[in-house]
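So you can see what is in the structure, the chains are spelled out below.
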Amino acid sequence: AQKVTQAQTEISVVEKEDVTLDCVYETRDTTYYLFWYKQPPSGELVFLIRRNSFDEQNEISGRYSWNFQKSTSSFNFTITASQVVDSAVYFCALSGENSGGYQKVTFGTGTKLQVIP
Amino acid sequence: GAGVSQSPRYKVAKRGQDVALRCDPISGHVSLFWYQQALGQGPEFLTYFQNEAQLDKSGLPSDRFFAERPEGSVSTLKIQRTQQEDSAVYLCASSFGGVEETQYFGPGTRLLVL
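Respectively, the protein sequence lines represent chains C and U. Counting from 143, one number per residue, gives the positions in the first sequence under our numbering. Counting from 26, one number per residue, gives the positions in the second sequence under our numbering.
If you're looking for bench data, these hints aren't it; they were derived computationally from the structure. The reader is advised that the hints may include incorrect statements.
Said to hold, decoys possible - Computed list of lysine to any residue pairs in SDA-like fashion (alpha-carbon distance at most 25 Å, straight line):
(1) 145(C) x 66(U)
(2) 246(C) x 63(U)
(3) 246(C) x 64(U)
(4) 254(C) x 93(U)
(5) 180(C) x 47(U)
(6) 254(C) x 127(U)
(7) 145(C) x 239(C)
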């Protein structure tokens, strides 16, 4: 069974602060994929990043960065110099190799980020 | 090109009514997924199609839920005799297929059963 835990339910930061969203996962698969999605108030899930289990390199995209650590089963997401437009619910998600050849994704419960101007 | 579209965006149904939710995936996407998202929760898998074949319906909560994709493109999720606990956002996603592919989501249909 797969599980994704996002322990932070809600976070509030003041604009320009850095913020890290935590994600811890559980899986028995040796090959798996990790994702982050953003869900703004409009409701649509916006894809941010995909990482496979064999690639532990951290990634940076503009103000966004991701820290993947297999040793602690974590895939944390940092927003640098947060902006009001970053306010949304962020979901961490996982899919494994034993899903029958297709991507059966397990989502965490999400972290609601509020950036205060 | 266009993203995944869903209709209607909002649906209010009286308990016991049947509803049909539509999903138009991204053109060329082989895989189509339906998810249910309860308030304050993450999306939960309902069912998966590869072209017109429904390969996994393990997440459908009851036999009142039925999904189809007859021509391998547009999909419809039907809920019969709706109950209050069916109130949720229903999300559709599509991808090119395969374990490594990214799913792209539509805006969802918010269903409220009174």
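These are the hints, each one checked on the structure:
As the CA atoms of residue 145(C) and residue 66(U) are separated by approximately 14 Å, the hinted pair is consistent with the 25 Å bound. Pair hint residue 246(C) plus residue 63(U) holds up; C-alpha atoms about 18 Å apart against a cutoff of 25 Å. For the given pair, residue 246(C) sits about 21 Å from residue 64(U) by alpha-carbon distance, which is consistent with the 25 Å threshold. Between the alpha carbons of residue 254(C) and residue 93(U) the distance comes to roughly 33 Å, so the proposed pair goes past 25 Å and is violated.
Taken as a hint, the residue 180(C) and residue 47(U) pair is honoured in the structure, with Cα atoms around 23 Å apart against an allowance of 25 Å. A hinted pair counts as satisfied when its Cα atoms are at most 25 Å apart, and residue 254(C) with residue 127(U) qualifies at roughly 23 Å. Taken as a hint, the residue 145(C) and residue 239(C) pair is honoured in the structure, with Cα atoms around 14 Å apart against an allowance of 25 Å.
Hint check: a violation occurs at hint 4 only; the rest are consistent with the structure.
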